[in-house]
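Trainee: One-letter residues, chain by chain:
2 protein chains.
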Amino acid sequence: MSEVDTAAVRKVLDEVRAEGRDSLTAPEGKRVCDAYGIPTPREGLATTADEAAKLAEEIGKPVAAKIVSPDILHKTEAGGVVIGVDGADAARAAYDEILANAKAYKADASITGVQIQEMVGGGQEVIVGATTDGTFGKVVAFGLGGVLVEVLKDVTFRLAPLDTAEARSMVTGIQAAEVLQGARGAEPADLDAIADVIRKVSQLVTDFPEISEFDLNPVFASASGAVAADVRILLETEERAQPVQHSQEDILAAMNRLMNPRSVAVVGASDQAGKIGNSVMKNLINGGYQGEIHPINPKADEIMGRKAYKSVGDVPGDVDVAVFAVPAKFVPAALTECGKKGVTAAVMIPSGFAETGNQELQDEIVGIANEYGVRMLGPNIYGYYYTPQNLCATFCTPYDVKGGVALTSQSGGIGMAILGFARTTKMGVSAIVGLGNKSDVDEDDLLTFFENDDNTQCVAMHLEDLKDGRAFVETAQRMTKKKPVVVLKAGRTDMGARAASSHTGALAGDDKVYDDILRQAGVVRAPGLNEMLEYARGLPLLPTPQGENVVIITGAGGSGVLLSDACVAEGLSLMDIPPDLDESFRAFIPPFGAAGNPIDITGGEPPSTYEATIRLGLEDPRIHALILGYWHTIVTPPMVFAELTAKVLAEARAKGIDKPVVASLAGDTEVEQACDYLFEHRVVAYPYTTERPVAVLGAKYRWARAAGLIG
Amino acid sequence: MSEVDTAAVRKVLDEVRAEGRDSLTAPEGKRVCDAYGIPTPREGLATTADEAAKLAEEIGKPVAAKIVSPDILHKTEAGGVVIGVDGADAARAAYDEILANAKAYKADASITGVQIQEMVGGGQEVIVGATTDGTFGKVVAFGLGGVLVEVLKDVTFRLAPLDTAEARSMVTGIQAAEVLQGARGAEPADLDAIADVIRKVSQLVTDFPEISEFDLNPVFASASGAVAADVRILLETEERAQPVQHSQEDILAAMNRLMNPRSVAVVGASDQAGKIGNSVMKNLINGGYQGEIHPINPKADEIMGRKAYKSVGDVPGDVDVAVFAVPAKFVPAALTECGKKGVTAAVMIPSGFAETGNQELQDEIVGIANEYGVRMLGPNIYGYYYTPQNLCATFCTPYDVKGGVALTSQSGGIGMAILGFARTTKMGVSAIVGLGNKSDVDEDDLLTFFENDDNTQCVAMHLEDLKDGRAFVETAQRMTKKKPVVVLKAGRTDMGARAASSHTGALAGDDKVYDDILRQAGVVRAPGLNEMLEYARGLPLLPTPQGENVVIITGAGGSGVLLSDACVAEGLSLMDIPPDLDESFRAFIPPFGAAGNPIDITGGEPPSTYEATIRLGLEDPRIHALILGYWHTIVTPPMVFAELTAKVLAEARAKGIDKPVVASLAGDTEVEQACDYLFEHRVVAYPYTTERPVAVLGAKYRWARAAGLIG
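So the protein sequences, as listed, match chains A and B.
Numbering-wise (this note's numbering), the first sequence opens with residue 2 and increments by one.
Numbering-wise (this note's numbering), the second sequence opens with residue 2 and increments by one.
It is worth saying that the hints were derived from the structure and are not from the lab.
One or more hints might be untrue.
Said to hold, decoys possible - Once the Cα atoms are required to be at most 30 angstroms apart in a straight line, the calculated DSSO-like pairs of lysine-lysine come out as:
{"id": "1", "chain 1": "B", "residue 1": "Lys-468", "chain 2": "B", "residue 2": "Lys-484"}
{"id": "2", "chain 1": "A", "residue 1": "Lys-154", "chain 2": "B", "residue 2": "Lys-513"}
{"id": "3", "chain 1": "B", "residue 1": "Lys-482", "chain 2": "B", "residue 2": "Lys-656"}
{"id": "4", "chain 1": "A", "residue 1": "Lys-154", "chain 2": "B", "residue 2": "Lys-427"}
{"id": "5", "chain 1": "B", "residue 1": "Lys-76", "chain 2": "B", "residue 2": "Lys-107"}
{"id": "6", "chain 1": "A", "residue 1": "Lys-513", "chain 2": "A", "residue 2": "Lys-403"}
{"id": "7", "chain 1": "A", "residue 1": "Lys-276", "chain 2": "A", "residue 2": "Lys-154"}
{"id": "8", "chain 1": "B", "residue 1": "Lys-342", "chain 2": "B", "residue 2": "Lys-308"}
{"id": "9", "chain 1": "A", "residue 1": "Lys-513", "chain 2": "B", "residue 2": "Lys-468"}
{"id": "10", "chain 1": "A", "residue 1": "Lys-656", "chain 2": "A", "residue 2": "Lys-427"}
{"id": "11", "chain 1": "B", "residue 1": "Lys-104", "chain 2": "B", "residue 2": "Lys-76"}
{"id": "12", "chain 1": "B", "residue 1": "Lys-308", "chain 2": "A", "residue 2": "Lys-513"}
{"id": "13", "chain 1": "B", "residue 1": "Lys-342", "chain 2": "A", "residue 2": "Lys-427"}
{"id": "14", "chain 1": "A", "residue 1": "Lys-76", "chain 2": "A", "residue 2": "Lys-12"}
{"id": "15", "chain 1": "B", "residue 1": "Lys-300", "chain 2": "B", "residue 2": "Lys-311"}
Unchecked claim - Among the chain A residues that face chain B by a calculated CB cut under 8 angstroms, a handful are:
{"id": "16", "residue": "Leu-46"}
{"id": "17", "residue": "Thr-48"}
{"id": "18", "residue": "Val-152"}
{"id": "19", "residue": "Val-156"}
{"id": "20", "residue": "Gln-273"}
{"id": "21", "residue": "Gly-275"}
{"id": "22", "residue": "Tyr-290"}
{"id": "23", "residue": "Glu-465"}
{"id": "24", "residue": "Arg-693"}
Unchecked claim - A few chain B residues facing chain A, derived, Cβ under 10 angstroms:
{"id": "25", "residue": "Val-245"}
{"id": "26", "residue": "Gly-318"}
{"id": "27", "residue": "Tyr-373"}
{"id": "28", "residue": "Gly-374"}
Even glycine gets a Cβ: it sits at the ideal position worked out from N, Cα and C.
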């Protein structure tokens, strides 16, 4: 960006720092804005009445005159502000008046001068700001000014820096965007000018990380541009700790070892049923893991038919992963052994660390891990699964339905819910990973692996916080271009956040910041646990839609109405059916059926009507996704519908046509079996709900749009 | 209300009507407001310049002068408005100017005079209005004025008339209510004064139904009151049809016959499998209905072992209900037979009426039914179930899990989803009723029955429209004081509404009107089909909470965070645990467990910890509802948790303590069985979701609050 003058900003900030201040005066703020081309009112500093008059004349419009003094903070109270000053004589008079008032207010005040400033106004008042978020670092904010919007909290955030397109998405992304776009015949504001201000602010705080807070409030946005009428800049008073950074290559190498280990040691392996070290051994062996398994136990020679070693150090050959199943107090010594042995990754099942208040012990093991370069999962986790290796390094039970979804959870309870749900729905899984206290390995380490893992097509993550939000966003932004990432962010509300901090000691960030920035990263946010699980189950089954035209084909008019409602709730576009296509559909349905969209084929129709209309929906290239509403009748029983749907889809796929198809089945309990069958044939189908299939399709669309995959 | 002068309003309206107008002039509007004590600016009509001067002097503040002429609609365009007129001389000049402008604008305009009006302003601009809704009749509206709120659609509706408390709930019920309550240090507006204006408007449009539209926009609301600066009143231009009204006694008598018939005739009964008339016969017989069953078929002597009659008229003795299973074209004749026979209710399964465009045939059968006083269910329905009578008058399959929930649906597809869901969840049902085209019997008829039916504890209704919204609200308001009513209103969005009108020909009302007025009626609105079904299943199991204090007890901290999120989403209040109670809980949980709320008992705890904490939660009278978060462990397996919870609850109930308890079970598939067990013991419990149990509890609270059952 050639337009910026970083040296000028550096000079201002150095001056402020030199004076021991952590906030900038208004003229200093203006110098900073000028350096980055952020439009502010024309103004100048007058140190005599004549200078004031000259400035007012140059500006040629009514001006405001304001005292500038480091000793006077409340300018208005001191009589230090005169507005609506029109012309040279009035400016001269205002100057004298302000100085007299200031001296009366505080006789010994050091007076820099009087600021003579163009009065701006008109158009809409907006706010552009930047702040330093504990999770994400520099973020920019945008909203409409005024008490109403502050009450309604209509504001949006993004990670800084950002480009013009992203900035533009903020301007049109607030609820009241219509106001700026010229609601009710008002003149539209120059949205590009507003976006430009946002972009420049994002660049400024990125270039000068010591700017902790930056506020342009108000910015007057009109058809002729955006002018910041007031600027407030605060500087950091202390250094912020930077998170430890690993290189992409290092992360990938370590995660590859963790997920595809040649050998696993179980520290605390046991023959005694009910012990964690016994469950882990059983699950590794019974799960079918083909690498070497080394039980570590100082008191045994053999465990479950495998030679036991007193220490990891005694194991011959390399050990890629050590799974810990010993009480917390024994961890430091055993971890040191692992470090000396050169173990790549330690899986810390034990609890009794930060989550129980023992931060000291956690810091100790993190220190050991860092010293020896051991990457550490946990502590306080159930372990992890990686099904391509038949690897079940947990104290739970093996899981064997292989598939494309990787799931992670910060909480053990949620991990168990993932396992139960996966098993009951026969969800194909590549990995299930517990993250627990996240003392080392966190979401972006795992994302880096899954991004490059051909066995994984979709990732779903439960998290309560992010240790390094910026690293997560960077990884997710890359990853979500290729594969969907679903996030369940717990602690989304104040009340929830309170519970989060008592649980993990993690301070959950403001939810609106998370919400906007996760979206910026291309992540699909799940509103709840069940949605996260259903998205994870359904997204990999659905092909990516090639466009926005969604069509509902339904046997039940009532379902059609509810499916339409759901489409609106999910931001899907019901296609406006062109006349020729309408006619083609009408050829298959009774004369009283409703074409248009939903296409209501009516309830008493035979299988051939479903078949013909679904085929047409798949084959017409103008349609991009289908939502089916099935109504259980004697004429077309549930399994007949399921089988014909699967058949028509298979025929279309054989012709190279693959569109997302979801279905809602209304009927007696036989529809449950039909839904299972449809899921097996890559149709996301649910009984007794019209919302859920549409929600999964909506999630697929949100991902595909963010990834830029829809024309 | 002694304050109103109905005669004055009658006089104004009659004058307007006499002149063939359908809108009131501003002075006429003011006379109407004055008659109902609705504050407007002081003003008067001047017919000379001197009168204008005198009025301006009397008002003693700046005034606005505005032309009054039936021939000049666009006053400003005509140069007919002067604002900021200060003092007698200025008023005289303004008068002359306006008259000159008016004559120049339209030489032959009839000029009534010039309105001299106090200029009001300051405070917040609000809008108070009333309109005539197609579904609900007279409704009042309230919102904040200005373009922002029109963009954000922050407006609320109620049925007119309303009392002061209900009007007050509108003022504080908009999203931006804080603005009126003094957000950010602004002076709060006089909320009672605003509410008073709303109440008076609601009374006015009720007293004078010919007022079709009434707008006070803006009303200036400040600490010193609320003054309507502009009033716009439109009158009906044609008569509106009033829905047919039955007396409460007549409705109840007819519905009692329908639900508890002594004899049922099946018109179109058949021996031939696959025919609807065969399915209905089978279901009546196999369902166990003990009353008389009479097959009607002109071509048979006996059907399924019962004597068949050629016509209903041939049946000896009374026939309470005739179930129709003949093609549409045969309905009129057979219905006439029923009318002559004195049949109480006709159940019209056949389709081929308004839903296929044949409105004429539907009108014909409605005419016949009205003529003979036969109440008619449908047409275009699956029939109905009433389990206390083992009555299954449908072409579906019998349902035999008796219980307290009655469900109705406008759509047959949704009816089938109800049946399947009920069967798979073993939901205890009293009735399932199809309403279809609702040509006669509608939701309020059924509500009247269920209100008085001891077998029904909760009603859930799927509807796309209401034929008579006002009758529904009146019945629901009475009913919901005693029993919860859940409504799934389909067609909630524009897109959905479009589908509704193509489905039933019913014009779905604006969703916001439905939303507010259903809430006013005490109805719990379900956001989707699945929620309607889950609320119906869960609400009757939960006792009514006695207060707002909700406590979460969880073995999984991660579930605790998500359950807290869900509480906020559902508007539930997590109890602020007092120190003594906190100490009592702490006595049972590990030192690193988190007391407070959620109470995190931690994951590795034995059954005794769950038991002790749940018991304490039930026995402490300050706690009103419990949310349990279970985490599957070896120490406390799912069924052990389920059984101990049921046991502790039974003990508490034996002591007369009954509180709503819901549970989220995180674990492997055994939690599914545990949830079934818990449901059987009146704990609303779900696996793999934290949201659903809290949503059901939230629905119970919404109902209980609206019914005034929570202190």
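Trainee: State for each hint whether it applies.
Mentor: Results for each hint:
no. : hint                    : result
1   : Lys-468(B) x Lys-484(B) : 23 angstroms, holds
2   : Lys-154(A) x Lys-513(B) : 21 angstroms, holds
3   : Lys-482(B) x Lys-656(B) : 27 angstroms, holds
4   : Lys-154(A) x Lys-427(B) : 44 angstroms, violated
5   : Lys-76(B) x Lys-107(B)  : 12 angstroms, holds
6   : Lys-513(A) x Lys-403(A) : 36 angstroms, violated
7   : Lys-276(A) x Lys-154(A) : 51 angstroms, violated
8   : Lys-342(B) x Lys-308(B) : 18 angstroms, holds
9   : Lys-513(A) x Lys-468(B) : 42 angstroms, violated
10  : Lys-656(A) x Lys-427(A) : 29 angstroms, holds
11  : Lys-104(B) x Lys-76(B)  : 12 angstroms, holds
12  : Lys-308(B) x Lys-513(A) : 71 angstroms, violated
13  : Lys-342(B) x Lys-427(A) : 58 angstroms, violated
14  : Lys-76(A) x Lys-12(A)   : 26 angstroms, holds
15  : Lys-300(B) x Lys-311(B) : 7 angstroms, holds
16  : Leu-46                  : 32 angstroms, violated
17  : Thr-48                  : 36 angstroms, violated
18  : Val-152                 : 5 angstroms, holds
19  : Val-156                 : 14 angstroms, violated
20  : Gln-273                 : 13 angstroms, violated
21  : Gly-275                 : 7 angstroms, holds
22  : Tyr-290                 : 20 angstroms, violated
23  : Glu-465                 : 6 angstroms, holds
24  : Arg-693                 : 7 angstroms, holds
25  : Val-245                 : 25 angstroms, violated
26  : Gly-318                 : 33 angstroms, violated
27  : Tyr-373                 : 28 angstroms, violated
28  : Gly-374                 : 30 angstroms, violated
When the structure is compared with the earlier hints, violations turn up for hints 4, 6, 7, 9, 12, 13, 16, 17, 19, 20, 22, 25, 26, 27 and 28 and for no others.
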